[in-house]
Amino acid sequence: MLYLRSQNVISLNNSPIMSKDNEILEEFTSKEYEHGWSVNYEADEAPVGLNEEIIKWISAKKEEPSWLLEWRLKAFRTWQEMAEPNWANVTYPKIDFDKLRYYSAPKQSNKPKNLNEVDPELLAIYERLGISLNEQKRLQGIAVDAVLDSVSVATTFKGTLSKLGIIFCSFSEAVKEHPELVKKYLGSVVPMTDNYYAALNSAVFSDGSFCYIPKGVRCPMELSTYFRINAANTGQFERTLIVAEEESYVSYLEGCTAPQRDENQLHAAVVEIYAAAHAEVKYSTVQNWFPGDKNGKGGIYNFVTKRGICAGDHSKISWTQVETGSAVTWKYPSCILKGDYSVGEFYSVAVTNNYQQADTGTKMIHIGKNTKSRIVSKGISAGKSQNSYRGQVQVMKRADNARNFSQCDSLLMGDRCGAHTFPYIDINNPSAKVEHEATTSKIGEDQIFYCNQRGIATEDAVALIVNGYAKEVLNQLPMEFAVEAQKLLALTLEGSVG
Amino acid sequence: MLSIKNLHASIEGTPILRGINLEVKAGEVHAIMGPNGSGKSTLASVLAGREEYEVTEGEVTFKGKDLLDLAPEDRAREGVFLAFQYPVEIPGVSSTNFLRTAVNQVREYRGLEPLDAVKFLSLMKEKMKLVEIDQKLLSRALNEGFSGGEKKRNEIFQMAMLEPTLSILDETDSGLDIDALKIVSNGVNQLKSADNATIVVTHYQRLLDYIVPDYVHVLYKGRIVKSGTKELALELEEKGYDWIKEEIDSAATV
Ligand SMILES: Nc1ncnc2c1ncn2[C@@H]1O[C@H](COP(=O)(O)OP(=O)(O)OP(=O)(O)O)[C@@H](O)[C@H]1O
Ligand SMILES: [Mg+2]
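For the record, the sequence lines run as chains X and L.
Position 151, counted from 1, in the first sequence is what my numbering calls 364; the numbers after and before it change by one each time, with no gaps.
Position 28, counted from 1, in the second sequence is what my numbering calls 306; the numbers after and before it change by one each time, with no gaps.
Just chain L, same shape as in the assembly (with noise of 0.2 angstroms):
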């Protein structure tokens, strides 16, 4: 589904990626994980069309288009969904209202009728739901005032509302309670399907246990340097990154 080739991308002339190699299947939950400023933030926003970085080098296709060479805002209505480590606000505009433009945007591109208020409502009721989201968070302006737990709710609430094959979570669960965390998981566990994929951006093992992915990579230095089964994060968590940083970076030394 998606293929990142020797991915390199740099921000105001600094490189910050430097080579990313990754492979994502339909139905498989790939962790990222890395030490602050590794560039897995970075990585995200490349892949949503940040214009600000510059892909200096290296490929992207997703569902076998040339995910590049697209608007950001037809990556989305492709079907890639990114959740924000720090999601904005928008002052004076509802979430309701906000949703309902990107939903029928979404599926204009997706030659589809666009829903009316009465189907959209009871759209947003069956996701509400899922992320057990209060309705009054929702006619609130979008993420005007919400607490760092609210606003990453509402954007799992919002890759509900959208539906999309490839949905990247970055740090999701930094600012969630432990019991937002689960309602949090388990949301995003009833969206996985055989058809999408989910690549999830943390710090923390504790994530992986309710989301438990398929591969861990840990990104350093804007690269991939070691990946394997979700046990890899277990060892990080016991070990920390000092083990890896150092093999990184005797071996270039040599």
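Just chain X, with the same shape it has in the complex (with noise of 0.2 angstroms):
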């Protein structure tokens, strides 16, 4: 059966109801963004330019097995054949690939063998950012992978973690030390020739962070990989690989900032989770990328290909993310949901401000008999802004009893941005039961008024508002990364609403 709440598609361009409102909302002045600091260090580049000499270069470099680099040369050649998806609800300047330099790293004369041995330089830059790698210093017990511009500067809690069995590394050792490992998983949730952007990683990917969690092994605590673009006219290309054998579990963070610059860089990166029977893996992003100034200059193109495969049956993965960075996003977390009896889960809060552009949302695939899916989608639009959400729930022939639930927000602050619904829902399965519910509704004057009467000034009101609307996403982050996550969503909104 299949039940079909509210449009299939919601385009709001929306009109000028409350026009004091407006008023209100725009007489906040622009926040800098908090992380626009670029440091100089020495780095280790790539000519700029891409062909298949550059891919040898980088796969040179990074001393790797020859397989890798066929695969990576494999890839490239796809995507020379491959057009830019056009069909996402942005649009940005056509990007020329020969004028980015692929690869970037901080020079270091030999690869640090413990955090003592990083540059000082580097470790301060993750200071700057709120994060300490300094593992004497970390209480919270987060494991984590620090990745500047194209590769993993450090991971912390490796010995601990080993104990265990967990492997938390950069992507480049794995290749080195668990080689068959990769093999087997790398490229088997997103394939090479996925699309334009995932075919683009496979070909350059620099780094990144790979998780593997041995069967019946619960990750004492979260892992979180950091991310940040520091060099100028440099694309960003990480690439993340989790693989949680049968009844393990894993809870991983990624966060990511980018310095201020006029000019757009490019991040393109491929996530894949491998989840077996009985095994859980939760997924949370808080994406931070430089969103360009309150012109629209500038600011990160962040095109990201996420998926996960729910292998085994009674499988879980749960895709959590606030968006709030980027000039442009097009990106959707995706389960299959292949095992019987598995559950994909995507919370999202997605704002923007300024004119920034985001599509996003997931796609839902049900493969297995009794799958559950479960869409909850947040969308925040000030400024001159675009947001939309794009999702896909698609039920396979021998999917019975599939279920999912979507439920798909928009909040508009002012009357110049635009929040869009694009659901698409695919059922081939008479058993299915299909739920979408959709609401668009503006931060309301009297809501603001009865803050403020109550003393609340209106720039902690929108905040209390939107992180009150924002809840039922937030709850899914880990405590402190909701904290950030609460904060971030205030920052980002304090440039244009009242």
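What the hints contain is simulated information worked out from the structure, not anything from laboratory work.
There may be inaccurate statements among the hints.
[Said to hold, decoys possible] Derived DSBU-like pairs: lysine-lysine, alpha-carbon spacing no greater than 30 angstroms straight-line:
#: 1; chain 1: X; residue 1: Lys495; chain 2: X; residue 2: Lys585
#: 2; chain 1: L; residue 1: Lys403; chain 2: X; residue 2: Lys684
#: 3; chain 1: X; residue 1: Lys700; chain 2: L; residue 2: Lys397
#: 4; chain 1: L; residue 1: Lys397; chain 2: X; residue 2: Lys684
#: 5; chain 1: X; residue 1: Lys597; chain 2: X; residue 2: Lys576
#: 6; chain 1: L; residue 1: Lys414; chain 2: X; residue 2: Lys684
#: 7; chain 1: L; residue 1: Lys414; chain 2: X; residue 2: Lys655
#: 8; chain 1: L; residue 1: Lys283; chain 2: L; residue 2: Lys470
#: 9; chain 1: X; residue 1: Lys700; chain 2: L; residue 2: Lys403
#: 10; chain 1: L; residue 1: Lys414; chain 2: X; residue 2: Lys700
#: 11; chain 1: X; residue 1: Lys576; chain 2: X; residue 2: Lys396
#: 12; chain 1: X; residue 1: Lys428; chain 2: X; residue 2: Lys582
[What the hints assert, rightly or not] Far from chain X by the CB rule (all over 10 angstroms, computed), these chain L residues:
#: 13; residue: Lys283
#: 14; residue: Leu300
#: 15; residue: Glu301
#: 16; residue: Ala304
#: 17; residue: Val333
#: 18; residue: Leu346
#: 19; residue: Glu391
#: 20; residue: Lys403
#: 21; residue: Glu404
#: 22; residue: Asp457
#: 23; residue: Asn474
Idealized CB from N, CA, C, for every residue including glycine.
Mind docking these for me? Both chains are given alone in their own frames, and the hints should help you get the complex.
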């Protein structure tokens, strides 16, 4: 049976219902991007441009086995045949892929063996981001892999984890130390030919994180990766691979920032998650790439492919994302529900302000029997931004009793932004139950006034209201991340909202 | 404490308040009555600083300051509290979280240390007793799905938490059941002191049995057309507004 509430496509360039709202909204002055500094460090860079020589250069630089170079080259050749997708509800000038640099690494004469050997300059960058890699100082018990520009700088808590058989290291290291695992799973969830940016990533990816949880192990701490783009004109193409064996559990966090620059920078990552029977993977992202200035100059193009496969029965993959940054975002963390009784979840808050554009959502592909998925998407648009939810729920022929619930809410601030919802539903099994609910609301002037009347300043009132609106998603985040995410939401909106 | 002189206000070009004069001193309770649409809520909103209303003439001083010059949040921090006729819902924000933000911002303005979680919760406990409000209600999202009476009770609870100098209660009695009316009025009375003042907007004499006013004013067509003591409320209860309307309307046509 199919339950379908609300229209299929809700497109709303909102009308001037409450003109007074906007005046309050516009009174605010833009808040500078907090992480907008860059550091001069000596970098080891690939020449500008993209061709097979560059790919060989990267592969050689990373001392990769030949099978991986072949894999990259194959991806590159496929990519050359592909066209840039244009179906997303975003516009940006054409990217000249030959003008980009595909590899930039902070120069280190020898790879550090432990944190004491990591360049203090680099550690200082992460300290400024609020990420202390210094194990002694870390009380929260989160293992961190920090990726600067293209390479992984350091991974903390390695020892503790390896006692449990957990592998958590940079991708390059995994290629060297665990080639059989990498070979087995790389490209198994996101094939190199999956889409334009995934193919590009497969050709030129420089580093990223690798995580392997053995059978029956519950990872005792949050695993976390921080990505930062520092070098100018450099694309960041990281790759994350998470493998959770039977009956294992892991919660994984990803955070990102970039310095403020006039030019746009490209970020095209790939994340693959594999969950065996009864395994559970929670993947949380707080994305805070530089969004561009208030006139829409600069900012990161964030074209990311994230996908997980619930390969085994009773497995579960849960995506939670708080998207506050980037000039243009194109991102659909998805779940392939192959195992019977497997569960996929997607919780998202996407905030856009000024000239930001976000086209984000998820795909839930029900293949196994009794599979369940849940989608909760909260879009917040302010300024002149465009915020689209794009989601697909697909129920395959043999997926008896598939269940999906989708809730897509949009919150508008001011009357020059847009909120759009594009839910696609494709049902091939009559026993499926799919529910879709969508709402669009405006932040109410009466709500703000109510807060003001209790002594709460407008800025804080907006933060309260927005965090309340996004609560269901924020609640999915680990405590510490939730606090950070709340602050980020408020900060992102400070630019335009009253 | 509050002095309103010849206050005119309009919304979208339509004049609603047409020359209000009112003096409220510390320790006093004023009741404002009047037919629907006469401008009672408008007066309350203008005092609280709602931006849709444009003040076209007149002045308002509060504790010697020009009230109309202050932002709405600063009026609140100075001690103006409005219990709304229709409190709004704020989904996902618990009353506790909301009030903690409010109380601490007000305290900061007054140069006081913010209350830590423990002190805040004990203050809440104390004030909850005053209006017999249920803890469960306060952990829910603010006003979301609250019954009419629960919303009104919550307004007075917030008033207790914020300890205002001037409280304006806009039809707080409507929606309250008989027992709740007693409890809430009792709470308001306990919050009364020689240093604060209350303006109650109501349609019913019944409330004034519990919260006894020093003065009763009748608002009609944006003006205070009659003022008296609590006996005036009794007279209105008995006779309605027609006799006043006639008096005013015939005077106007002459
Ligand atoms: N946006 C608006 N545009 C035009 N007129 C308005 C607007 N808002 C309020 N009014 C009018 O202002 C007048 C006063 O309204 P107000 O809410 O102050 O009345 P009230 O005395 O509180 O009435 P009640 O006893 O019903 O609560 C009403 O006639 C109302 O219709
Ligand atoms: Mg009213």
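Now for the hints, and whether the structure bears them out:
no. : hint                  : in the structure
1   : Lys495/X <-> Lys585/X : 16 angstroms, holds
2   : Lys403/L <-> Lys684/X : 25 angstroms, holds
3   : Lys700/X <-> Lys397/L : 24 angstroms, holds
4   : Lys397/L <-> Lys684/X : 26 angstroms, holds
5   : Lys597/X <-> Lys576/X : 27 angstroms, holds
6   : Lys414/L <-> Lys684/X : 19 angstroms, holds
7   : Lys414/L <-> Lys655/X : 28 angstroms, holds
8   : Lys283/L <-> Lys470/L : 25 angstroms, holds
9   : Lys700/X <-> Lys403/L : 29 angstroms, holds
10  : Lys414/L <-> Lys700/X : 27 angstroms, holds
11  : Lys576/X <-> Lys396/X : 26 angstroms, holds
12  : Lys428/X <-> Lys582/X : 24 angstroms, holds
13  : Lys283                : 23 angstroms, holds
14  : Leu300                : 20 angstroms, holds
15  : Glu301                : 23 angstroms, holds
16  : Ala304                : 21 angstroms, holds
17  : Val333                : 15 angstroms, holds
18  : Leu346                : 15 angstroms, holds
19  : Glu391                : 16 angstroms, holds
20  : Lys403                : 19 angstroms, holds
21  : Glu404                : 18 angstroms, holds
22  : Asp457                : 27 angstroms, holds
23  : Asn474                : 16 angstroms, holds
Checked against the numbered hints above, the structure violates none of them.
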